[in-house]
Amino acid sequence: MACEDCEKRAVYISLSGRSLCSKHFKKYFEKKVIRTIKRHGLIEYGERILVACSGGKDSTALLSFLWRLMKNKRENIAAIAVDEGISGYRDVKLRGLVEFCEENNIPLNKYSFKEQYGFTLDEAVKISRENRLKIKPCYICGVLRRSLINTYARRLGFSKVATGHNLDDEAQTILMNYLRGNPSLLARLGPKTGIVEDDGFVQRVKPFYFCTEKEDAIYAILTGIEVDFVECPYHVENYRLEIRDFLNRLDSIIPGVKHSLVNNFLEILPLLKREYSARSIGRCRVCGNPSAGEVCRACMIVEKINPFLGGNVNLGQ
Amino acid sequence: MKVKVFIQRLRETRVVDLEENSRIEDLLKTLRISSSEVIPVKKGVIVTEKEPLKEGDEVKLLSVVSGG
Ligand SMILES: [Zn+2]
Ligand SMILES: [Zn+2]
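If you read the protein sequences in the order shown, they are chains A and B.
In this text, residue positions in the first sequence follow my numbering: the first is 1, and each later residue adds one.
In this text, residue positions in the second sequence follow my numbering: the first is 1, and each later residue adds one.
A portion of the hints provided could be inaccurate.
[To be verified] In silico DSS-like links for lysine-lysine, alpha-carbon gap of 25 Å or less: (1) Lys114(A) / Lys304(A); (2) Lys2(B) / Lys26(A); (3) Lys50(B) / Lys23(A); (4) Lys126(A) / Lys136(A); (5) Lys43(B) / Lys26(A); (6) Lys42(B) / Lys8(A); (7) Lys2(B) / Lys29(B).
[Stated by the list, open to error] The following residues of chain A were derived to be distant from chain B, with all beta-carbon distances above 12 Å: (8) Ala217; (9) Lys258; (10) Gly282.
Hints in this document: simulated from the structure, not taken from any laboratory.
In this text the structure is predicted, and so the values were computed from the model without any measurement.
Virtual Cβ for every residue (Gly too), placed ideally from N, Cα, C.
So here's chain B without its partners, still in its complex pose:
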């Protein structure tokens, strides 16, 4: 299944191909992004790493780093 993801820190949108029944944590693993660096947002609300994903979902990964 395909999921659209916006990575705030890179100001970049990507389409990621994931296995069925994947969760946010699987998406992060595929992108090699540490969970402690991003806040996942789906449909305008913050979600956890355990959030299930489905075909066509759009996810934003907000950067937790603000550079002081």
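Bound-form chain A, shown alone:
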């Protein structure tokens, strides 16, 4: 099959039926990302952007793309990576990221749960299981990672955090929250997150919002980013996997079902935001990050794990 623009061999057929060679696929992809950034005001002129990197293909591809996009304003962009302490997984993933940043001279800020909170994720999971604390690995990981990134984005003077979330991720999260009956969590989604205007909260933006996981992966391969397929050991406990398979099966029967799920969601998002944005938000008395309660969710996790740890513990301040 030939590219519709140049007759070269096609690597991809878009949802609307366009067949594209590698060069024209890259153009198609980057155009879509730039349109997302402009249309949703993800990056304003002169803003400083911190790219949250996991070592996975999505965030590395995003970093690579933004690094090229902002080639005249490189002082405004840097990467942040968090090592949660997942043995055999994150250490492997971050090795590639460190190399990538070194090769391209991209400033990388690296932090770890161990230094920051006094325990690795592996240790926290073990403690939680042994003592029946019932805190799920993905919850500990997600909450602590977000808190750490927010803290350092603020401290390092960045106005936005960019993440590599794609259309598949968003479709999964939307469906998961619908099925669980979590409308207030739905209000936090969208290409630009946050329902509260608060200077303590660094807004998160998703430039790959309208790109599918497959498009991201092809883009990553074509830009020379190594795509590994090491999966997180804690993923087996994850409900997201079920939703992912379900949506992909559905999408092969009804092409574009993920796109319409996300697009329809965006229609109602302003209503959700209006409904849930009135609540003012305070500050966590422990770490100072924005928090609905007196103590934020990250500090609550740390307080629960702490009593089971030996030695000194840093509360993330």
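Go by the hints and put chain B with the ligands onto chain A.
Only chain B with the ligands this time, still in chain A's reference frame:
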């Protein structure tokens, strides 16, 4: 006709029997793999679902999922 396929996510190679004039999309259907989960590679280059197959072809199905 027989086609050899390497499924990256399962780290597994299989030989699949397909009808003449089948394409990658038919291979995926036979394997019950969603097209949005894999990138087909033939002779070292990425190909589309419409790529025709012939006896003895070797296909790799790269996983698009990287687990964050
Ligand atoms: Zn072309
Ligand atoms: Zn706190």
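For each hint, the structure was consulted:
1. Lys114(A) / Lys304(A): Holds, because 16 Å separates the two Cα atoms, which is no more than 25 Å.
2. Lys2(B) / Lys26(A): violated, 33 Å
3. Lys50(B) / Lys23(A): The hint holds at about 19 Å.
4. Lys126(A) / Lys136(A): Given pair lysine 126(A), lysine 136(A) holds - Cα atoms ~11 Å apart, limit 25 Å.
5. Lys43(B) / Lys26(A): holds, 21 Å
6. Lys42(B) / Lys8(A): holds, 16 Å
7. Lys2(B) / Lys29(B): holds, 15 Å
8. Ala217: violated, 4 Å
9. Lys258: Given a closest Cβ separation of 8 Å, the condition is violated.
10. Gly282: About 30 Å separates glycine 282(A) from the closest Cβ of chain B, which puts it past 12 Å; holds.
In this structure, the hints that do not hold are numbers 2, 8 and 9, in rising order.
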